[in-house]
Every structure is written in C-alpha cells, then in structure tokens.
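What follows is each chain in one-letter form.
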Amino acid sequence: MPAPASTPAPDPLDRYSRQVRFPALGEDGQRALMNSRVTLCGCGALGTVLANHLARAGVGFIRVIDRDFIETHNLQRQILFDEQDVADNLPKAEAAARKLRKINSAIEIEAVVTDIDHTNALDLMGDADLILDGTDNFETRYLINDAAVKLGKPWIFGGVIGAEGQSMTIIPGETPCLRCVIETAPPPGMTPTCETAGVLGPAVAVIASFEAVEAIKVLAGKKEALNRDLIMVDLWDWTFRQLKISGLLGKVDCPCCKHRKFEWLEGEAGSHTTALCGRNAVQVASRRPEPLKFPEMAERLRPLGEVRHNAFMLRFAADGYEFTVFPDGRAIIKGTNDIAKAKTLYAQFVGA
Amino acid sequence: MPVVRIPTPLRPQAGGLDKIEAAGATVGEVLADLGRQHPAIQERLFDGAEIRRFVNVYVNNEDVRYLDDLDTPVGEKDEVSIIPAVAGG
Chain A
-11 MPAPASTPAP DPLDRYSRQV RFPALGEDGQ RALMNSRVTL CGCGALGTVL ANHLARAGVG
49 FIRVIDRDFI ETHNLQRQIL FDEQDVADNL PKAEAAARKL RKINSAIEIE AVVTDIDHTN
109 ALDLMGDADL ILDGTDNFET RYLINDAAVK LGKPWIFGGV IGAEGQSMTI IPGETPCLRC
169 VIETAPPPGM TPTCETAGVL GPAVAVIASF EAVEAIKVLA GKKEALNRDL IMVDLWDWTF
229 RQLKISGLLG KVDCPCCKHR KFEWLEGEAG SHTTALCGRN AVQVASRRPE PLKFPEMAER
289 LRPLGEVRHN AFMLRFAADG YEFTVFPDGR AIIKGTNDIA KAKTLYAQFV GA
Chain B
33 MPVVRIPTPL RPQAGGLDKI EAAGATVGEV LADLGRQHPA IQERLFDGAE IRRFVNVYVN
93 NEDVRYLDDL DTPVGEKDEV SIIPAVAGG
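In order, the protein sequences belong to chains A and B. Per my numbering, the first sequence runs over residues -11 to 340. Per my numbering, the second sequence runs over residues 33 to 121.
If you're looking for bench data, these hints aren't it; they were derived computationally from the structure. All C-beta atoms in this analysis are idealised placements derived from N, C-alpha and C, irrespective of residue type, glycine included. Among the hints, a few may not be true.
Per the computed footprint, the stretches of chain A lying under chain B, defined by three or more beta-carbons under 8 Å from a beta-carbon of chain B, are [said to hold, decoys possible]:
# : stretch
1 : 9 to 22
2 : 143 to 149
3 : 218 to 231
Just some of the chain A residues that point at chain B, by a computed CB distance under 10 Å [what the hints assert, rightly or not]:
#  : residue
4  : GLU59
5  : HIS61
6  : ASN62
7  : PHE126
8  : ILE170
9  : GLU171
10 : ALA173
11 : VAL187
12 : PRO190
Output of the computed footprint for chain B on chain A, the stretches with three or more beta carbons under 8 Å from beta carbons of chain B [said to hold, decoys possible]:
#  : stretch
13 : 80 to 93
14 : 118 to 125
Model the full assembly from the supplied sequences, consistent with the hints where possible.
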C-alpha cells in the first residue's frame, strides 16, 4: 500500500488572508499582530467591540480586565454577551474570554476580574505592547494614562455618550497625553453619564472601531498612519471633527508627561473606597477640586425619581441602591458590600 | 459675526441651540458675549475670570491653549467650539 500523502500543516496566516491582502498591513503587519500583547481595560460597550475586532484580527495575546457583572440592560450594546451570560451571572471579563476563545482559538485570552487601581495597574499593563481604554470613567483613564506614560507604552482613549464620542491615540513622548488634552474631568453634575443621558450601541461601535484600527496600526508597526488628532463624532447630528492637539505637547504644563508626577498611580488622586462593615454599604471617596453643585446634580438625576438635597447631602435611589452624596464628592451607596460594584455605580450615577 | 458651537450637555443652558452668534475679536470677548446672551452658560464655562479646567476651547480646529488662550484672535468667519470631555463607554 502506498504511504498516505502527508497533508501540509495549515498556514496560520490563512484565516487572516483578507486583511493580509490589505497592502498597508501586509504579511509583516499580520505577523507583528500575532506576536503582540494587549491589555484591555474595561470590557463593557467599548471593550467588547474592541476585544471582538482584535481577537478576529489575530492579536496574539489579549488581557481582558473588568470589575463588573453582566446585566440585561448591557445587552443593547455590549456585543460579546447574551441572555445566557446574564442568567449564569458571569463576570464580564470571563464571559468575554469564553466568547473570544470560540471566535479565535489560535490566540491567547486572559480574563482578569478586578478593579484596576494604583496597586495593580503596572502589573496589568507592564507586559503589554499597547493599552486600550474600554472604561466608562475618567478616574480609571487618568490611572491608565499615568501607567502608560510611566511605562512609555502607547494607549488609546475612547469615550461615548448618547450618539457622540471622542477618541485619541497617545504615544508617550510623541503626542500629548490625556492630561495635556483633558486637564481634569468634569465634576459630577456638569457631565452626563450613559445612565443619565443614554447611549446608542452603534455610536459605541464606531468609536471602538476607531480605537481598534489605531490599535492595529500601533501593533503592526505602522505608526506613520496613526491619528494625531482628537476625533469627535456626533452620529445623530452627523458631524465629524478632527481637532488639532499636537501643538499641546510640551506647551501645556502637564503634571503627568512633563513633570512625571503620577498622581493616580501614586494613589494621591482618585477614589479611596471602603466597604462600611455591617451596613451593606460602601463609601466611595473621590477627592474633588471644587464642591459639588447639588441643584445641577438633582436636575440631572431627576429622571431617575425623587432627589432630595440640602446644603450637606444629596440623596436619591437608582437600580435599587440608595445614594447619599456629600459636597466633597464622597458618597455612601447602600445596598451592596462590593467595592467594585459601588465604584461602578458611582461612575454611572454620580459621575466620572 | 463669529459662531460658537454649543456641545450637547450645554444646550439646555443655551435655549436648546447648537450654534450661537457672539460678538468679539478674541476668544475671551466672544465667550463673554455668549455669557451675556445666556447667563446660565457663563457659570458653566468660567470660574471668575478663568476658564474652567475641564472646558476646552477651540478656534476652528485649533486648541486655544497652544495659541493665546483667551486672547486668541477670532475673525468674523471663525468658529469657536466648546469641547467637553466625553466620559462614557
């Protein structure tokens, strides 16, 4: 009997043939993608779209970090999750990892269910070639910015509300960093959140897709093609703008990238959050540069139900939790002992 | 007259408008006129004479912080944009 013909091993590039044929990426770019590592911070609306694109594109290693569980109202826009994940009470990072492994078994996915803070940020980002923003709050984004600038690693910012969004690519030393462009986050009451102003799934997908293309350029070593502007899109009014920010590098007195003072990474800025023992409540302490404006906050929160406030506190209920907010930004959230959950609620209803 | 583009979160303080004509030859003058027309916006944009640190202002597509900040000249056909940070995701 003749020996069976040996079948050649399948070319690992075959499944990516349609993007390899895109000349600007090519085979060298694809091989670079397959040898690269990404840390994805947050796996909600932006994060699921980002993870989906990058896993399908063949990024070799993706660390998916998220502190939250999946709820039914996430399914409108968080494209990796389904009703079964909600029924199974899966953490977002774990559910995303399971889905991503089914999409592409040739890459490595690591699920990390944690709250990114100053104690773990450098560990989670230190071995990555690129850090991606899938978060929903500026507290975490400034922490990512600190870590990325300190480590000298590129990261990509994205934010969405309603039908509009922003994105920018940050290459430490070459472009302005997040704090050069957005010196400080708007205080609560001045900024809508997805919970108060709503958000459309396609708008998130557009911004996350901008981030994903930039990620592919960074990882494939095609830096010359990177976006150097602050991109602003409003898909309802149909406006698209490229705001010039490159002139800010070195011009603004940035504490982070100019003075290398990493306030979030050193735990000087940001929240100091503790569970209040035996009270089924968590205190979220977020230092604010100026006192909260309760009348404006109350007006913004009014669609959620009754909001009571005096000079010392503001109280409202949402999603079955009771929030008591103090002028300095501190809040007590009743109905949970889970610090990560409380921080999510704080970002959602009080503000970034 | 220069036009100021009002971002979505500030439109309730601007009678729902997305663009408002405001007089002035510098960014500071244009925003001051905007504040006179819509006083509720004034407080959102300024802390005393200083622009609030979380508010970014652009003339056409250029950030005024690498131009001359509030002294940046504004021409009759220029567009001044107030750009808030977008937090969600």
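Going down the list of hints, with the structure as the test:
1. Counting residues of the stretch 9 to 22 of chain A whose CB lies closer than 8 Å to any CB of chain B gives 0, so the stated coverage by that chain is violated, three being the minimum.
2. Residues of the stretch 143 to 149 of chain A with a Cβ under 8 Å from some Cβ of chain B number 4, which satisfies the need for three, so the listed coverage holds.
3. Coverage of the stretch 218 to 231 of chain A by chain B holds. Counting CB-CB distances below 8 Å, 7 residues qualify, and the rule asks for three or more.
4. Using the Cβ-Cβ criterion of 10 Å, the hint placing GLU59(A) at the interface with chain B is not satisfied: the shortest such distance is roughly 16 Å.
5. A cut of 10 Å between beta carbons decides the hint on HIS61(A): the least distance to chain B is about 14 Å, and the hint is violated.
6. Because the smallest distance between the Cβ of ASN62(A) and any Cβ of chain B comes to about 12 Å, over 10 Å, the interface hint for this residue is violated.
7. The beta carbon of PHE126(A) comes within 6 Å of a beta carbon in chain B, closer than 10 Å, and the hint placing it at the interface holds.
8. Satisfaction of the interface hint for ILE170(A) is found here, the shortest Cβ-Cβ separation to chain B being roughly 5 Å, below the 10 Å cut-off.
9. For GLU171(A), the shortest C-beta to C-beta distance to chain B is roughly 5 Å, which falls under 10 Å, so the interface hint holds.
10. The closest approach between the C-beta of ALA173(A) and any C-beta of chain B is roughly 6 Å, which is under the 10 Å cut-off, so the hint is satisfied.
11. The closest approach between the C-beta of VAL187(A) and any C-beta of chain B is roughly 6 Å, which is under the 10 Å cut-off, so the hint is satisfied.
12. Hint status for PRO190(A) relative to chain B: violated, with the closest Cβ pair at about 14 Å, above 10 Å.
13. Closer than 8 Å: that is the beta-carbon criterion, and the stretch 80 to 93 of chain A has 0 residues meeting it against chain B, so the requirement of 3 is violated.
14. Taking a C-beta to C-beta cut-off of 8 Å, the stretch 118 to 125 of chain A contributes 5 residues in contact with chain B, enough for the three needed, and the coverage statement holds.
Consistency note: the structure conflicts with the earlier hints numbered 1, 4, 5, 6, 12 and 13.
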